[in-house]
Amino acid sequence: MKLLLRSQLFFLLSLLISLSHLQECIGFTSSETTGAEIMEEVDKRHKQFPYIYEEQSMILVDRYGEQDTRKARRYSRVEEDGTVRFLLLFDYPQEVKGVALLANREPDGKTNKYIYLPAYGEQLLESADEGNGDNFLGTDFSVENLTGEILSDHRYVRRDDREVEKVKYFVLDVYKAKNTSTKDRILRRHFIQQDNLYITLTHHFDKHRRIARIQSHHDLKEVDHDMLRANMILMENMKNQHQSLIKTSRRIFSHDYVPLEIFTAEWLYENYPHIEPTEEIDTDDPFDKKETTE
Amino acid sequence: MIEQIYMLGYRHRAFVGLFLLLVTIFTAAGLQRLQIDTGIDSLIPADDPSRLVYQKVMREFGTDNKTIIYIKDANLWTPEKLAKIEELHFAIEKIDGVNRVDSLFTLHTVKGKGGKIVSRPLLAASPKTEEEALDAKKSALANPLYQGNFFSENGEVTAMMVSVIDAEDSNNFSRTIHLTLEEQIETYRSDFERIAQVGPPRINAELKNSLYEDFILLGPLSVVVLVVSILIFMRSWLSAMVPLVTSLITIIWTFGALGWIGVPLNILSAMIPSLIIVIGSTEDTHMMSAFLRGLKENPGKNSRREAVKYMAKHIGLPMALTVLTTTLGFASNLFSNIGLIQQFSFAATFAMLANGFITILVMPLMLSIFGADESTSILKDMERNSLPDRIMSVFRYSQVRFPISILVFTAILCAFFLFQASKLYVTNDPLSYFPSDRPLIQDAKRIHEDLAGIKIFFISLESKQGKAFQKPKNIQKLADIQRFLTHQGVYDGSISLADHLQFLNHEFRGGSPENPLPESRQLVAQYLMFLHRGDLDNYVSHDYRRANIVVRHNITDSHTLNQYIEELQEVIVKIAGPDMKFFIVGENLMVNKAAESLMTAQVKALALLMALIFLIMSIMFTSFKGGLIALVPAIIPIALMFGIMGYLDIPLNPGTAMVAVIAIGIAIDGTIHLLARYNELCRRTSDYDDAVNTAVNDEATPLIVSSIALAFGFGILIFSNFTIVAQFGALAAATMLFSIFANLLVTPIIMTRIRLVGLYQILSMSIDPKVLDGSPLLQNMSNYQRRKAILISELHEFEKGELLVKQDTIGRNMHLILSGEAEVIRRDGNESHSLAILKPGQIFGEVGYIRETERTANVLATKKVTALRFDYERMQKDLKFFPNIVAKLNFNISYILGERLADMVAKSKNK
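Those sequence lines, one after another, are chains S and V.
For what it's worth, the numbering used here labels the leading residue of the first sequence as 1, then goes sequentially.
For what it's worth, the numbering used here labels the leading residue of the second sequence as 295, then goes sequentially.
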């Protein structure tokens, strides 16, 4: 009997929680909610963990369907002052092992990017994309596409919701924050699933308001309560007919996996020293093992 | 048999008319199915093995089928101008069928300075300020990969590369793309100093437009030229109308049949109507001449019918032969492996055969309705026509006075022109089909001068090892090949993976003046991470096993290009080494390579045609000498024509290459008519010189008239939009004029030295075989030899009461009676004694034949007698032409005389 009462109590409690959550969602889907409010909620729901380690495969598909595969480790770390550190370290193919993209986003939004090429020499080369948000290292992604956008830098204009295959979406157009007119250049359009507030589709526009790239997120995994992460991110370059697919095979949220020292040149030089010219090298795939997600 | 066929149109007008009408209606229905093919593909041999390699390389490294949009402006690098280029870029991208547009708005560049690397689009969007524009200019001109390809050295010219894909393989694709691009360009024309497009769609569209214009211009012009020439020389409307009717029917039949069969028209087809009208008219001229002669020789009640019969009898076989040789001339190209020539050859062969057939049916039909009933002054006027008459008076004088000198002079002339012909070169470049002052050619020239030639070929290297082209030593091979390309000094530029890596190394090293290649495989791979796959699409395969060097040039001389390519091949073999395969491919190269096969194919076709003509003429005149003589008037004009080509720097191309065989086919027609007439006259006289003169007199006018008409007809092709057609026309016209010289000046000199017997005469001879079997003169001879022996004699007919031989006269000939009856009567004073009655098969006068002596008796025809006369002088001449036959005849005469001597001895013994 006691057991029965306890289970009934648990059921009622769950019902109350669900109802409150439902009320939250119903209120949220109101047509009066602004684009900025939706984005704040998206950010809050799926905000970045401070310490993330991921093992990724990058599959680059050219216009003829030919594929190149790269393997990389991705480290990201958010400091208490808001600085975001990002390191993408390539492991495969063997020729590019040790190539690294190191990025720091200061609290004021300024981003510095450096590239390390072990075969070139022990020197960090500053990578300046001159604000074009261009792709990095031959992929169709820009760093911003992977680290997420800073809400304060942008203005979000809500468009009519859409329903595709019985899934409802918020549609938000993204502009630079300093621009206030809708005649200004639209940067991208987010399609946010209303049931989980996850941006599953983004259209990136060029200057002529044409879709230049389409970024879509697949294989969503719940990593913490309602927090989701996509295990596959596909970027389609409409102009060049390329595709870049990032597949995450392993993900760990742990401070231990992302120590501060790895975001330094010294760590890179020590672990991936300058490679002297050789003709033959081992081309074994270091990640040739069963993929797991933690 | 042949005469009966020729008489069909006369005897069965309604039936023939209905037949022609039905076939014309049927073929006309095929006209709407006609297709036009002006694609480059038809210039490449279908069996070219490099075609497959080319297609493979194209699949991997992208097409060489690109349109270049050339933009020139002194103020190109200003925000306004760049904004216009950007607008144009995006407008072109929206065009259906456009697969890719590369311009300064899609180019990517890497710049290194002071430890910084900037990897960015050259211009993501049109700049807003002058500074931005100038900065972009600086970056663009500093990038060696783009200079010459996208930008001129001074930065005043930029190019947009437009790749198109005809997904539906539609017939009008090129034209549609060209017009749509032109529409867009037109919008921006006033914004730049110059803007133009050059590429396969424009070339294709212009080829098609020019083809239509040629059809509209050349056909009617040929009609005018034909009518005017015939009216001038023959002064008869009917003579002008008949070829027009036959040509019109032939054109419908030919193009209708092509429509039904599915053979497309190409740029050479533009001249088919003119060829039909002009070449077809020559037969009509000969037939009309024969008809007029027939009227003259058959005055009276049924003169028209008799004249048509005369025409059929005298022109029938020569015309069949001339149609055959003309057709062979065109057909000799049927086996060309170049589609363009093969398709034209098929159409022209069909047209020539159809025209011969139609003429045979239509000419008698029209003569039966509209033909004159009595000989008019036309023939006399024709014969006395000033131009042919003047030409002939000069020729006759020369032939009589300087026969040997003429032959020697001709030989020297031929030798000189053959020497000039050694300078001949081949070209098959589609751009050379257009005159040099055409805007398309001018635009192509500008692109070549400011950027690089619009012609592209690829050097593709393939290794067995994966990632071979990440290894510095293999990349070095690409650089070495490019160094050799520069050393050859004939190409405008080349780009490969090596250039990209040199550039990256240069930028990463902070712009050091030397641009060595990266020294390690890892560095190569790591540098390449800064490029998109799209940046390297044209230069390396995704697995780095194959690399591609893109070469641009503007060489139009196929032979020169082929020589450089051969030289290049030899060097690449050494550079690439045994472990690496390589291919040098490009549509442009295949087209140029086909030019070489064009040369060999023409030599083969020429040799084959001459062999065939030699064979046919040898058979027809039962003499190899006849065959050789028939070739003389063909060889002389051809030698002169090739010499003129060499002298005037006219290349051998798909148009000019055909002149030789076609001209031989036509020039031989006059020779056939000449030889046939000479042969006919030889049956009536033992004076061969006189026979030659008469034959030349009879045939000179139609031969000169038809040759001049042909020259005019071919001459109008110089108004064609295509250089190759114009060159064909001019050369063919010159060859026709040369053939007058050869046929009427040189051939007669040789003819006097030969004696011909026509095979058709031998076969068509109707003599009672019993007569031949029973004749002692023809004993131990085969039927063929007997017939030939008869044909080298003279045929005479005697009416009843006429003397065949007169007593006491001297005559060195003997007779063989073929039909009738004659009596040998000896006259002694006032008394006459009948010595013998001669029947068919018997001979008389053999003593006079052997020895010059007086005739001892009269031979009188008691019935109408047909007899062959064997003249001693003539037989002596014929001994060298027909040694076997004359020897047999002499043997039989000896036998007959021996028998007679034996009889006489026996008689005297008995006495």
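Do not take every clue at face value.
Sample of chain V residues at the chain S side, in silico, Cβ under 7 Å [said to hold, decoys possible]:
#1 384
#2 385
#3 419
#4 470
#5 813
#6 816
#7 826
#8 828
#9 830
#10 832
#11 839
Calculated from the structure, these hints are not laboratory results.
All C-beta atoms in this analysis are idealised placements derived from N, C-alpha and C, irrespective of residue type, glycine included.
Verification of the hints:
1. 384: holds (6 Å)
2. 385: It is violated, given that the least Cβ distance between residue 385 (chain V) and chain S is near 11 Å, above 7 Å.
3. 419: This hint holds: residue 419 (chain V) lies near chain S, its Cβ roughly 4 Å from the closest one there, short of 7 Å.
4. 470: violated (23 Å)
5. 813: holds (5 Å)
6. 816: holds (4 Å)
7. 826: holds (6 Å)
8. 828: holds (4 Å)
9. 830: violated (9 Å)
10. 832: violated (12 Å)
11. 839: Interface hint status for residue 839 (chain V): violated (12 Å vs cutoff 7 Å).
Hint violations for this structure: numbers 2, 4, 9, 10, 11, all remaining hints satisfied.
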